[in-house]
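Trainee: Sequence:
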Amino acid sequence: MKRYGVLLGIMFAVLAVSIVTAGQDAPLISDQVQATANTALDQGLTYIDSAAQYLGRGVLYLLNLVTKDRVSSDLEKPIGYLAVITLILVLFGLLDIARKIIWIGIIVGWVLLIVRIVLDALNL
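Here the sequence shown stands for residues -16 to 107, numbered as in my numbering.
No wet-lab data here; the hints were simulated from the structure. All values derive from a computational prediction rather than experimental measurement. Fair warning: there could be bad hints in the mix.
FRET-style restraints, in silico, Cβ to Cβ [as the list claims (entries may be wrong)]:
#1 ALA23 x VAL101: 38 to 44 Å
#2 ILE31 x LEU102: 16 to 22 Å
#3 TRP93 x ILE31: 31 to 37 Å
#4 ARG40 x ILE97: 17 to 23 Å
#5 ASP57 x LEU24: 36 to 42 Å
#6 VAL98 x ASP52: 30 to 36 Å
#7 ARG53 x ASP32: 21 to 27 Å
#8 ILE90 x ASN21: 33 to 39 Å
#9 LEU105 x THR29: 15 to 21 Å
#10 GLN26 x LYS51: 34 to 40 Å
#11 ALA81 x ASP52: 36 to 42 Å
We put the CB at the ideal spot given by N, CA and C, even for glycine.
Work out the full structure: start from the sequences and follow the hints.
Mentor: Right under this line is the structure:
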C-alpha cells in the first residue's frame, strides 16, 4: 500500500511540475546542460541497443546450432530486446500489476518469435 502512495506522489509531482512550467517561454535549463543531457541519453540508449544486439546474436547463434542455420538473422534485434526486457523483469521485479502486464507482453513476444523461428526452420 505504501508503494502505491509513493508512486502516486511521484506521479503527482511530475504532473504538477509539467503543468506549472507549461506556459513558460524561457527554458528551465541552459543549452549546455540540455546538450549534455541529450548526449547522456544517446549514450544510454546506445548501450541498451548494443546489449540487446549482443544478446540477440548469442541467442540466435544457439538457435542456429539447433536448427542448422535456418533462423533468419533479421531476428537478432527482436530476440535481443526480448532478452533484455526478460532480464530486467527477472533481475528487478516490478509491482504486481505491472509485472502481470509485462509478462503478458513477453509471453506474446516469445510465442510470436517461436512461430517465426519454426516457419524459418521449415522454410515456409
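Trainee: It remains to establish, for every hint, whether it holds in the given structure.
Mentor: How the hints compare with the structure:
1. Judged by the Cβ atoms, the range 38 to 44 Å given for ALA23 and VAL101 holds: they are separated by roughly 41 Å.
2. At roughly 28 Å, the beta-carbon separation of ILE31 and LEU102 lies outside the given 16 to 22 Å, and the hint is violated.
3. Look at TRP93 against ILE31: about 19 Å separates their beta carbons, and that is not inside 31 to 37 Å.
4. In this structure, ARG40 and ILE97 meet the distance hint of 17 to 23 Å, their C-beta atoms being roughly 18 Å apart.
5. Between ASP57 and LEU24 the beta carbon distance is about 27 Å. The supplied range of 36 to 42 Å is therefore violated.
6. Checking the proposed 30 to 36 Å range against VAL98 and ASP52 shows it is violated: the Cβ atoms sit about 19 Å from each other.
7. Separated by about 26 Å at the C-beta atoms, ARG53 and ASP32 satisfy the suggested range of 21 to 27 Å.
8. Checked against the given bound of 33 to 39 Å, the beta carbons of ILE90 and ASN21, roughly 35 Å apart, stay inside it.
9. Take LEU105 and THR29: their Cβ atoms lie about 36 Å apart, and the range 15 to 21 Å is violated.
10. A C-beta distance of roughly 38 Å is found between GLN26 and LYS51, which places it inside the suggested range of 34 to 40 Å.
11. Between ALA81 and ASP52 the beta carbon distance is about 38 Å. The supplied range of 36 to 42 Å therefore holds.
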